[in-house]
Every structure is written in C-alpha cells, then in structure tokens.
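Letter by letter, the chains look like this.
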Amino acid sequence: MERFYTLVFIAGVGCFAIAFLLSMIFPWMSLYSYHGMDYQTLAQLAEKPSLEFVQLSEKFPESFKEHYGTVSPESYAKALQRGRDVYVGQACWHCHSQYVRVVSNEHVRWGAPSSAQEYQNALNQPHLWGTRRVGPDLAREGGKKTNDWHIAHFINPKSVVPHSVMPPYPFYFDEKGVPNADGFALVTYLQWLGTVQAGIPVAERVTP
Amino acid sequence: MSASTTLAAHGDPLVNYRLIKAHIFAGAVALSISMIAGFLYSLQFVGYFPLGHDNWMLTPGHMRLLHTNMAAYGWLVNGFTAMLYYVVPRLTGYKVLSDKLGGLIFAAWQLILALSIVGYLTDKAQAIEWGETPTGFRPGTFEMNFVPVDLLVVVGAVLVIVQFMVPIYKARDQKFYVTLWYFTAGLVWLALTYLMGNIMPEWMLPGAAGAATTGLFIHDLVGLYVTPMGWGMMYFFVPLILRRPIWSHSLSVIGFWALAFFYPLGGVHHFLISPIPDYVEFGAITTTIAIEVVVTTVVVNFFMTLRGRWSALRTSMAIRWFYVGAVFYFITCLQCAFQVTWLFQRVIHFTDWVVGHAHLIMFGVFTFWLFGVIEWLWPRVCKREWYSQTLRGWHFWLWSVGVMIMFFDLMIAGLVHGFMQRDLNDWSDILRMSEPFWWVRAFSGVMILVGLFCALYNMFMTAKAGAAYQEEKHYIPANAD
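Chains as they are written, first to last, in this note's numbering: chain A, 7 to 214; chain B, 3 to 483.
The following block holds chain A by itself, in its conformation from the complex:
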C-alpha cells in the first residue's frame, strides 16, 4: 500500500484508467450508438449558405466582396470557421452557454432542448457548451434576430438591451456600422447556431 510501484501503477495509472473507461469511453460508445451521429465536416455544414449570409452580402456589397467575394459554400464555410475562431478567441463562450436543458422551463425560453446529434460536427470540435450564462444561451440563436440587430448590439449592446453588461465590440465594424471580415464572420456564425437541429430526425429529439 505504501510502496512506490503500488502508488504509480495502481493509484496513478490504474485509478485514472478506470475513470477514463467509465466517464469517457462508455459515454463515447453510447453516444455513437445513437441514430444520426455521423460527423459533419465544415464543407457539409456549409453546403447551403444561410439566408442571413446572403442578406449580409446584399446589404454591404463592397465590404463583403472585399473580404468574402461572392456567396458560395466556400465563402460561407470560411465565414463560419472564422466566426467560431473569434467567438473562441474573445472568450464569448465563458458568458454564453450553448446547450438547452430539459429542466427549468428552458425549452420555453430558448427553444428545443439540445440533443447529442446536433453537436456532432466540425464547428463543435471542441464543443462550446460553456458553464455560465451571464448573457443568454445561444444554442438556438440562429434566425431569432436580424443581422441589423446583431450589428447594433455588437457596436453598443446597451443601445438594444438597456441593462446589458456585455462589452461593446466596435472594432469589428467601421464607423458607419459596415462589418469587416471578423464582423461578417461573427454575425454569420451566430445566425448559424441551432440551425443543424432542423436536420435531425424528429423521433430522435428529446421532448420536454
């Protein structure tokens, strides 16, 4: 019990391995037995550019053309990935969660509860569930608000939500509110959140 090899191999490696098996390998195996758990690459996610992405290209044609060219699956994929990078880099996920639970009236406030299938894709690797909600959950954010709302909100959150404590992010837009590359990317990414849900078979969804 008090010997070197016991401590290294039984306590050190052994106990770690048991936990690794039970709380990582087991859930991983269970999850992959679900229906519809095929991994979606970024290209697959971006096959059909969103309506909001098209609207951005129409509203800010010059800046859009400069940073993303034309609306295409490729430019949409580029914007999504960049948006996620900014979202992670600016630590947005520390104040905004991305999963809806089946308790506490969350389905009323945010929308359908999260299922494992909708996180099985390139933009959830690693996942961005978060553990704190200073601001609202964003798992169902896509399409809830207009691009204009998001742009106004990023430039000055208090202009649309008077008691917001979110910091302004004016450096993603010029003085007229025209987004730069990061601004387009962030709005595109937010408008994408939750849209994967539509592709999941109804029978597999959790009902509250």
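No lab work stands behind these hints, which were simulated from the structure alone.
Accuracy of the hints is not assured; some may be wrong.
To be verified - Among chain B residues calculated to face chain A with C-beta under 7 angstroms, some are:
id, residue
1, 54
2, 55
3, 66
4, 67
5, 142
6, 144
7, 191
8, 204
9, 211
10, 213
11, 275
12, 329
13, 348
14, 382
15, 385
Said to hold, decoys possible - To spell it out: a stretch of chain B is covered by chain A in this simulated footprint if at least three of its residues, at any positions, have a beta carbon under 8 angstroms from a beta carbon of chain A; those stretches are:
id, segment
16, 83-92
17, 167-176
18, 180-187
19, 215-221
20, 234-244
21, 310-321
What the hints assert, rightly or not - Only part of the chain A face toward chain B is listed, based on derived beta-carbon distances under 8 angstroms:
id, residue
22, 14
23, 99
24, 137
Remember, predicted model here, so these are calculated numbers, not experimental data.
Ideal Cβ positions, reconstructed from N, Cα and C, are used throughout, including at glycine.
For this one, chain A is given, so just place chain B on it according to the hints.
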C-alpha cells in the same frame, strides 16, 4: 516513522533554496496578474471597465482568461513546484535529479506563461475550460497559427515529473510517508490528465463525447493534481510545525485511496442534464457524494491532530492558514455534495453559485495552504524573520474576510439568478437583480487585492530588511496549551 528519521538524518544541503525562491517569486507575480485581471473583469459587470472597449486585445473576456489561467498555471504550479523542491528531498533523503534541470524547468515554465499571455490577448486561446493554453493550431487541424504552447506544457510537465520522480524512485525500498503517496500518484496523474484533456476533445472527439472528456479534464486537474499536491503538503507541514504525528494512520490510508478511486469518476458532473448519457451523469453524481465522505475523514484526521494545541492557531501563521483553509475545504466539498444533485443543478447551473464555489476552492483553500507554506518557507529562503507582524495579520484577515464575502455573495447571487431564470423573468431583470451582488463581489476583490499587496510588500521587505532567522520560532513549543 520513516519520515522523521529521514528528516533528522539529512539537513538542508539536500534542498536548493535558490530554485524555491525563484518559483515563489514567479508564483507571486502570476498571482498578482491573476488578481488584477480578475478585478478588472469584475468591474465590467458593474459598468466601469477601466481599459475601455476600443482595443480588441484588452477586452474583459481576455481578462477572464488571464485571471483563471494565471491562477492555475502561474500561481499554483509555481507554488507547488517551490514546495516540492523543499519537501521531496527531505522525505526521500535524495536530492532532486539536477539543479541545472531545475533552472531549465523554471525558465521554460515562465516562458510558457509569457507565451500563454500573448496567446490569450491575441485570440489564440483553446476552447477548453481551464486548459485555454494555446494549442498553436487551428481547432481540430494541424494548420499552425501560434507557438504550440500546449506542447511546451507537456514537455515542461514531463521535466517536472522526471525531476521529482527520480528521488522518489531512488527511495522506492522505503515505506513511503503519506505525503509521498499523494505526490507520486499526483505526478503520474498530472501527465495523463493534461494529455487527455488537451488532445482528445480538440482532435478526436467533437460534441457531447468531447464534453464528457473536458468535464473529466477540469475535474481531474483540480482533483488529481491540485488536491494531491495540497493534501500532500498539509500532511508534511502540519505534523512538522506542531511536532506531533498525524492522529490516525488508518484515516490517512482511507483518505488517499478513496480519493484515488472516487475522485476521477466524478468528471462528468460539470455538464449535468446535458446530452451526455444519463447513466454516466448518475455515476458521476454518486461518486461525487462519496467524495464528501472521504473529505470528512481527512478533515477529521487533521483536526484531531490539532486537538489540545489550539493555541497554535494564534501563535503560528502557517498553522492558521492551513486550518482556515481546511475549514473552507470542508465547506466547499459539503456544498459540492448538494450542488451535484439534479435538484440543485436545475437552479444553480449556469449561475454565479458555481463561480463562488470555484473561488472558494481556488483562492480560499489551495491558495491559503500555499500561503501557509510560504509563511514557513520564505523566512528560511531569505534567512530572515518576517519584516512586519502587522502586515501578516492584515494579509490573513483581508483574505479570509474577502474570500468569505465573495463566496456567500456569489452563492446568493446564483440562487437569485437561478430562480429568476427558471421563473422565466426577463433577462434584463435578472441582470438588474444581479448588479448589487456584483458590486459586493468587486468590493471583496478590493479586499483580496489589498491583502495581496500587504503580503508582497512584506515579502519584499523581509528579503531586504528582516531580522536574523531563528529556527525555533517557527515550531509550536512542546509545552503549548
């Protein structure tokens, strides 16, 4: 007991005090950065973020990254490494592998911290809680976009393990003292935990399976590195200063093995009521409650060791930090046994309750214990007595009261937020109700900051102008109480 005989047989030539001093200094710098960043972040919540919002690098989000990561990888790792340089040679009777390697580890670790800071400020953080050290690659790919700091951390951790495992291995024929059980296993766990948490969710496991892994990582980092180091040093310093053995050997054995077995199983409890399968969540909940039993045995063991010598809390600053920390530890773990249930999770998850919990364990427990160790080590390292007794007192009281205020304030704020969220109140109303609590939190942050500056000034002046060092002053006299 083999520990005390080894201690008597070998004196200080085994210990490299320069490395201890360097690591304590680096840890203190990191703790200052962490506290200042945390305070700036708290000001954002009350609407007075002083750095403005026009700079994409000095944003509140980045302040949070600095706050948590400097506390974990800057302060705790440096502090524990300093402590290991003192404890491991004394318990094993062998020097650490190499002083030159020690210098290299020190330099490498500070380089890692500096690079991480640059990474956090330039949007390169990794999306893994408590593991935000930049990977240097675009998520899930091998396209480089920054220095691969994670890789350096792995190299640094391996060097640390080699440095301390060599003397432990040389002493393998001895029966180990409790402290060495924790350190031996803890060093093995450190390597496994870091590799698992930083590689698997990033490159191998998207979504929910990755979430189970990051939950395990957050949990193991605290439970399998920080906790073993913390309890290991408590088992070493408390009997040393009190000059009496630990009360019960059996309880020590139960405490260690139950920690080793139960602690890592609770990882998934960071994402409860989530798409992770329910049976895994129930397993995590059950073992987390079991940990509370373990913690009770260890805390009882320590308080029974102190019995009849309560005046030590008055006369020894180190003992005071240790035991107040132990009380906080018990509170945190008791809270944990409740908050891990689905009943509590419905309300308190996603709220400030969890933030208060994290602050108590990080700054109330392990930081208190490290302050206790520094109370003991710093005069020894500088060969001088503490410069000011008053400042030592202020440091202790400002931290104790500040951390308590912060803990209870955030706990209540969490309940308010949680119930308002459940009752479908408007999100703006939740923010308005939280604001007074955030003011109190910022105020308790000021107390903690001032306390820290008292300590830093006192450490500086001790090194410069303290009275001559007297060994005996630091032990509890045999006839106390």
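A quick look at each hint next to the structure:
Given hint, residue 54(B) at the interface with chain A, is violated; its Cβ is 10 angstroms from that chain's nearest Cβ, farther than 7 angstroms. The restraint placing residue 55(B) at the interface with chain A holds, with a minimum CB-CB distance near 4 angstroms, inside the 7 angstroms limit. Nearest Cβ of chain A to the Cβ of residue 66(B): about 5 angstroms, under the 7 angstroms cut. The hint holds. Because the smallest distance between the Cβ of residue 67(B) and any Cβ of chain A comes to about 6 angstroms, under 7 angstroms, the interface hint for this residue holds.
For residue 142(B), the interface hint holds, since its Cβ comes within 7 angstroms of a Cβ in chain A; the closest pair sits about 5 angstroms apart. The interface hint given for residue 144(B) is broken, as the beta carbon of that residue sits about 14 angstroms from the closest beta carbon of chain A, more than 7 angstroms. With a least beta-carbon distance of about 6 angstroms to chain A, the hint placing residue 191(B) at the interface is held under the 7 angstroms criterion. Annotation: residue 204(B) was flagged as interfacial toward chain A, and the flag holds, the nearest CB pair being 6 angstroms apart, inside 7 angstroms.
Checking residue 211(B) against chain A: minimum C-beta separation of about 4 angstroms stays under 7 angstroms; hint holds. With 7 angstroms as the threshold, the beta carbon of residue 213(B) comes within range of chain A, its nearest partner Cβ sitting at about 5 angstroms, so the hint holds. Interface hint at residue 275(B): satisfied, since its Cβ lies 5 angstroms from the closest Cβ of chain A, which is below the 7 angstroms cut-off. Taking 7 angstroms as the C-beta cut-off, the interface hint given for residue 329(B) is violated, the closest approach to chain A being about 26 angstroms.
A distance limit of 7 angstroms between C-beta atoms decides the matter here; for residue 348(B) the minimum to chain A is near 5 angstroms, and the interface restraint holds. Interface hint status for residue 382(B): violated, as the beta-carbon distance to the closest one in chain A is roughly 28 angstroms, over 7 angstroms. Below 7 angstroms, beta-carbon pairs count as interface contacts, and residue 385(B) has none with chain A, the closest being about 34 angstroms; its hint is therefore violated. Interface restraint, the segment 83-92 of chain B with chain A: violated (0 residues with C-beta to C-beta distance below 8 angstroms; minimum three).
Given as covered by chain A, the segment 167-176 of chain B passes the check, having 4 residues with a CB less than 8 angstroms from a CB of that chain where 3 are the minimum. Three residues within the 8 angstroms Cβ limit are the bar, and the segment 180-187 of chain B against chain A gives 4, so the coverage statement holds. With 4 residues carrying a beta carbon less than 8 angstroms from a beta carbon of chain A, the segment 215-221 of chain B meets the three-residue requirement, and the given coverage holds. Remark: the segment 234-244 of chain B is not confirmed as covered by chain A, as 0 of its residues place a Cβ nearer than 8 angstroms to a Cβ of that chain, below the required three.
Counting residues of the segment 310-321 of chain B whose CB lies closer than 8 angstroms to any CB of chain A gives 0, so the stated coverage by that chain is violated, three being the minimum. Hint status for residue 14(A): holds, given a least beta-carbon distance of 6 angstroms to chain B, under 8 angstroms. Taken as an interface hint, residue 99(A) checks out: its beta carbon lies about 6 angstroms from the nearest beta carbon of chain B, inside 8 angstroms. Given the 8 angstroms rule on beta carbons, the hint for residue 137(A) holds: about 6 angstroms separates it from the nearest Cβ of chain B.
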